[in-house]
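Residue strings, one per chain:
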Amino acid sequence: MIRYYLEFERPIEELELKIDELKRASDGKDIDISSEIRKLEKKVNDLRSEIFSSLTPWQKTLIARHPDRPYTMDYINMMTSDFVELHGDRRFADDPAVIAGMAKINGIAITIAGHQKGRGIKERIYRNFGQPHPEGYRKALRVMKLAEKFKKPVITFIDTPGAYPGIGAEERGQAEAIAVNLMEMSKLKTPIISVVIGEGGSGGALALGIADRMYMLEHASYSVISPEGCAAILWKKNGDLSAADFSKAADALKLTAQDLMDFKIIDGIIPEPLGGAHRDPEAMAKSVSDFILNAIEELKTRTQAKLLEDRYKRFRKIGTFVEEAE
Amino acid sequence: MAWFKKTKEIRTDRKGKIPEGLWVKCDGCREIIYRKEIEKNLKICPKCNYHFRISARERLKLLVDEGSFIEMDENMTSADPIHFKDAVSYKERLKENQKKTGLLEAVISGDALIKGYPASLILMDFSFMGGSMGSVVGEKVSRAAERALEKKQPLVSIASSGGARMQEGIFSLMQMAKVSAVIGRLRDNGILYLSILCDPTFGGVTASFATLGDIIIVEPKSLVGFAGPRVIEQTIKQPLPDNFQRADFLLEHGLIDMVVDRKNLRDTLARLFELFS
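Residue numbers (this note's numbering), protein chains in the order written: chain A, 4 to 329; chain B, 44 to 320.
Zero decoy hints are in this set.
Below are the BS3-like pairs computed for lysine-lysine, each with C-alpha atoms no more than 30 Å apart in a straight line:
#1 A:Lys267 / B:Lys138
#2 B:Lys195 / A:Lys148
#3 A:Lys190 / A:Lys267
#4 A:Lys190 / A:Lys152
#5 A:Lys320 / B:Lys194
#6 B:Lys194 / A:Lys190
#7 A:Lys316 / B:Lys194
#8 A:Lys303 / A:Lys267
#9 B:Lys79 / B:Lys158
#10 B:Lys142 / A:Lys239
#11 A:Lys267 / B:Lys128
#12 A:Lys239 / B:Lys138
#13 B:Lys158 / B:Lys195
#14 B:Lys194 / A:Lys192
#15 A:Lys239 / B:Lys280
#16 B:Lys134 / A:Lys239
Since the hints were derived computationally from the structure, they do not count as laboratory data.
Model the full assembly from the supplied sequences, consistent with the hints where possible.
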């Protein structure tokens, strides 16, 4: 398998390539170098622990966008059964950048909506790199309304660079589609649990993110603007921006799961396998599933009135300001 | 003083403020117009009806019954929740903008009478950090909506904004959720909400309260959308249609109810209050 390494993982890559080489060299031959390999494997593990214990916000952003990272459809496949995908917003089209449907998780029927980025060039283009058009948000809302009608919990997976900036998207009311989701989700009469599995890109992410429980994977990001966008506005070098600028912007934006936990915006951080979710997708899916099941269990005892009041208050109280007269 | 003040700025289609000098070039029709003539005309170009940007205070004067406005939350100012670091700190930037505009934040809110009809008001000011929405804007919008709910009177918002305020990070993003949830309560309780969009309104403001009005009104030729035209152009690498994201484009695509001249806004609002009461 060809693995994809990020820039800061180069030392890990070198070691892993060496291990592969040794394994190949010893394959079918009479020399025993397994102790040598074990030593290297330990070294790689230590190195990875070291690198991943001190990731910068920009490095986390890159992991959140890693092309091998599990996407919504992967989680659906790994942690649910009986998935039925539902299509279309009944108004204009079906948007492949959003997946919606029903499934069972541990025997419990749920409704799912999530961004889907797509793997490989062809699918990426088909999924528009996970950037929805208005019909994607409207499809998600339609399915959430179904959940409300049949009293099923809603699970949303967030993973998008943002809502698509295009002519058609504007013509069909991108802003209104997002706004309506925010409003309708804030009063949807069924529990909503939201997990940021990768990139939480601004309003296009938030449009699936109004929830009673909000979790982020350990290396996921959630931000009002991308570090690139922020850097372009602040330093206006237009095209001349470097990774160092993005890194500075990522620092300033406070977009990591740890930041959002400190700000009390999210309810929990779901730990990732060493090296990121893509290093062990099955284990990752198991953890995500555990968090979701716990949340479903917790929320199902709430009365509807209490659920809605708590959700309203959760968002109503966000914000910091100073009120005394000068 | 010279007859023409030479401005070296590169002309763009999205520059709405009236430049200094005796004569002004209109951004709508590119005609040279005597400045006083525009000011006499509520800052509307007499040739092409282009509506220049005006401040929240100026709007207030045009809209409400004289002396009826009671400002609320007027001392609310921004904290610095994420300690945003840039060459200029967020706090300094706020101070600069306060000095420049005479406002404490990008929005003025309160209660007033419009032709005798009581209403809760939200007026954004683009000159304060591009009318961006951070915690203060989100909170003032929410409180204005809650007052409308409590007093059972209509809510009127006049938006003009570049979107969510970057310098408050995730807190700004979450203001979109907050204000949308509050507007949801108006919907469920039969409170009329009239949303007026002015040049320009984008991003987190259009993607939250501004497009949730029962009635949406846009000023002539205003630029309104989700993503800014420059971002779209860079993304699709094609030139944009001529009237893209302009008021008539929005009307044509069914995104708004009507385009109303600044001069007629007060009468239009009063008529709607009457019809919905």
